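Undergrad: Residue-level listing of the chains:
Number of protein chains: 2
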Amino acid sequence: MNPGCITIYGDPISGNCMKVRFVADRLKIPYCWIEVSVLTAETRNPEFLAINPAGQVPVVVLADGRPLAQSNAIMLHLSEGSSLIPADAYERAIVHQWLFWEQYSHETAIAVRRFQKTYLKRPESEIDPSLKLKGERALALMNRHLVDRSHFVADRLTLADIALIAYTRWADEAGFDLNDWPCVHKWVMRIETELGLQART
Amino acid sequence: MNPGCITIYGDPISGNCMKVRFVADRLKIPYCWIEVSVLTAETRNPEFLAINPAGQVPVVVLADGRPLAQSNAIMLHLSEGSSLIPADAYERAIVHQWLFWEQYSHETAIAVRRFQKTYLKRPESEIDPSLKLKGERALALMNRHLVDRSHFVADRLTLADIALIAYTRWADEAGFDLNDWPCVHKWVMRIETELGLQART
Chain A
1 MNPGCITIYG DPISGNCMKV RFVADRLKIP YCWIEVSVLT AETRNPEFLA
51 INPAGQVPVV VLADGRPLAQ SNAIMLHLSE GSSLIPADAY ERAIVHQWLF
101 WEQYSHETAI AVRRFQKTYL KRPESEIDPS LKLKGERALA LMNRHLVDRS
151 HFVADRLTLA DIALIAYTRW ADEAGFDLND WPCVHKWVMR IETELGLQAR
201 T
Chain B
202 MNPGCITIYG DPISGNCMKV RFVADRLKIP YCWIEVSVLT AETRNPEFLA
252 INPAGQVPVV VLADGRPLAQ SNAIMLHLSE GSSLIPADAY ERAIVHQWLF
302 WEQYSHETAI AVRRFQKTYL KRPESEIDPS LKLKGERALA LMNRHLVDRS
352 HFVADRLTLA DIALIAYTRW ADEAGFDLND WPCVHKWVMR IETELGLQAR
402 T
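Just so you know, the protein sequences line up as chains A and B, in that order. If you read the first sequence in this note's numbering, its first letter stands for residue 1, the second for the next number, and so on. If you read the second sequence in this note's numbering, its first letter stands for residue 202, the second for the next number, and so on.
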């Protein structure tokens, strides 16, 4: 750990962890990155649980030594006062709305299905079929929203885009073909360019 | 709808909807309440989907006619500038952390299990057993946090308490006995008193 520098504990296979990196990179916030493997259950080690009793990555330790968990809460904290959070109260509320929707209705289908399929190597027959349906509903809702929009909120990059792109750009690894949701596909390419990420789709 | 007054679309059997009422009542924000039944799938009617394409309650229509969904996003918006959101940046971040944890790790076990058990009347044998385990983990984490605390954050009532009490006070209807988590039990009674709610436990 570097005094005066935030430490991000994360796993690069986790979109939730990558969100925090996207924000730190975008806002040029210096950080140390400590790799904690989800696959080998390092998040259940006593040393890790002392930092985050919920046993989840990402977690950050701030420059003053205090911990903060939950990817979207971390992003909100790091972005305070930046253009990633709209100054207008209603636009800010709509960013919050998408952040909670992402964690409840998107991540729980697309990230969970990707983990089971790509990392646990489960055959389709052993994956809960409701995850496919739920993921398709989430992508369809995003597609409708993006029909006449460049970004999720306020026609510019906000935390809503960063939260949602994390797993959407990996949707293929979850068994979804973004060609079925063309507005989502275009939006992914747009946000990848804005964030300086290597295109995947 | 009353011009100049917010309208809350909700179902009183939904803790997510009750959260919004708890906040509006606490802050003395006048509102109209329009009942939308989850059980009869009124949230899937075209008129409702025009307000919230995600087909979920609660949703509010603000005084200027603009909609806002997601219980925790609505609470954050209604509470801006009030004591329910700490002025200190780190305390505020920890409130956000609990709000996201509630939606990801608590509601998805306790509220889902309660709905299946109490409203869909499913026998225990037909309820996914992982929901029980997940709910117990959530309650155990809350209990550890509350061992030496009166409230979740900053030793006073914040949105973290309001988000978490909504379904925790109904944990019995989900098949959990709060006597197993005595610090949670005491906290529920304390917050019910603060919010002026009739004690259930």
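Quick caveat, the hints were computed from the structure, so don't treat them as lab data. Possibly wrong hints are sitting among the right ones.
Stated by the list, open to error - Straight-line Cα separation of at most 27 Å, DSS-like style, residue types lysine-lysine; simulated pairs:
| id | chain 1 | residue 1 | chain 2 | residue 2 |
| --- | --- | --- | --- | --- |
| 1 | B | 387 | A | 132 |
| 2 | B | 335 | A | 121 |
| 3 | B | 322 | A | 117 |
| 4 | A | 121 | A | 134 |
| 5 | B | 335 | B | 387 |
| 6 | B | 387 | A | 134 |
| 7 | A | 186 | A | 134 |
| 8 | A | 132 | A | 186 |
| 9 | B | 322 | A | 186 |
| 10 | B | 335 | B | 318 |
| 11 | A | 121 | B | 387 |
| 12 | B | 229 | B | 335 |
| 13 | B | 318 | B | 333 |
| 14 | B | 335 | A | 132 |
| 15 | B | 335 | B | 322 |
| 16 | B | 333 | B | 322 |
| 17 | A | 134 | B | 335 |
| 18 | B | 318 | A | 117 |
| 19 | B | 333 | A | 117 |
| 20 | A | 117 | A | 134 |
| 21 | B | 318 | B | 229 |
| 22 | A | 117 | A | 28 |
| 23 | A | 117 | A | 132 |
| 24 | B | 333 | A | 134 |
| 25 | B | 322 | A | 134 |
| 26 | A | 121 | A | 132 |
What the hints assert, rightly or not - Covered stretches of chain B, going by a simulated chain A footprint (3 or more residues, C-beta under 8 Å):
| id | region |
| --- | --- |
| 27 | 206-220 |
| 28 | 245-251 |
| 29 | 302-309 |
Claimed, not checked - In silico negatives: residues of chain B with every beta carbon more than 10 Å from chain A:
| id | residue |
| --- | --- |
| 30 | 236 |
| 31 | 322 |
| 32 | 323 |
| 33 | 330 |
| 34 | 351 |
| 35 | 380 |
Keep in mind the model is a prediction, meaning the values are calculated, not measured. Built from N, CA and C at the ideal position, the CB exists for glycine as well.
Undergrad: Would you mind confirming whether the straight-line C-alpha gap from residue 117 of chain A to residue 132 of chain A stays at or under 27 Å?
TA: Between residue 117 of chain A and residue 132 of chain A the Cα gap is close to 11 Å, so the pair holds against 27 Å.
Undergrad: Next pair to validate is residue 121 of chain A with residue 132 of chain A; report whether the Cα-Cα distance is within 27 Å.
TA: holds, 16 Å
Undergrad: For residue 322 of chain B and residue 117 of chain A, compute the direct alpha-carbon distance and say whether it is at most 27 Å.
TA: violated, 33 Å
Undergrad: Given the hint that residue 318 of chain B pairs with residue 117 of chain A, does the C-alpha gap stay at or below 27 Å?
TA: violated, 30 Å
Undergrad: Assess, step by step, whether the Cα of residue 121 of chain A is no farther than 27 Å from the Cα of residue 134 of chain A, and give holds or violated.
TA: holds, 20 Å
Undergrad: For the pair supplied as a hint, residue 335 of chain B and residue 322 of chain B, is the alpha-carbon distance within the 27 Å limit?
TA: It holds: about 20 Å lies between the C-alpha atoms, which stays within 27 Å.
Undergrad: Within 27 Å, alpha carbon to alpha carbon, are residue 387 of chain B and residue 134 of chain A?
TA: This hinted pair is violated, its Cα atoms lying about 37 Å apart.
Undergrad: Would you assess whether residue 380 of chain B, listed as outside the interface, keeps its beta-carbon beyond 10 Å of every beta-carbon in chain A?
TA: Answer for residue 380 of chain B: holds, closest chain A Cβ roughly 22 Å.
Undergrad: Could you grab the alpha-carbon distance between residue 333 of chain B and residue 322 of chain B and see if it respects the 27 Å cut-off?
TA: Roughly 16 Å between the alpha carbons, so the hint for residue 333 of chain B and residue 322 of chain B holds.
Undergrad: Between residue 333 of chain B and residue 134 of chain A, is the straight-line Cα distance small enough, at 27 Å or below?
TA: holds, 22 Å
Undergrad: Within 27 Å, alpha carbon to alpha carbon, are residue 229 of chain B and residue 335 of chain B?
TA: violated, 35 Å
Undergrad: Does residue 186 of chain A sit within 27 Å of residue 132 of chain A, going by the straight-line distance between their CA atoms?
TA: With a Cα-Cα distance of about 22 Å, the restraint between residue 132 of chain A and residue 186 of chain A holds, given a limit of 27 Å.
Hint compliance for this structure: hints 1, 3, 6, 9, 11, 12, 18, 21, 22, 27 and 28 are not met, and every other hint is.
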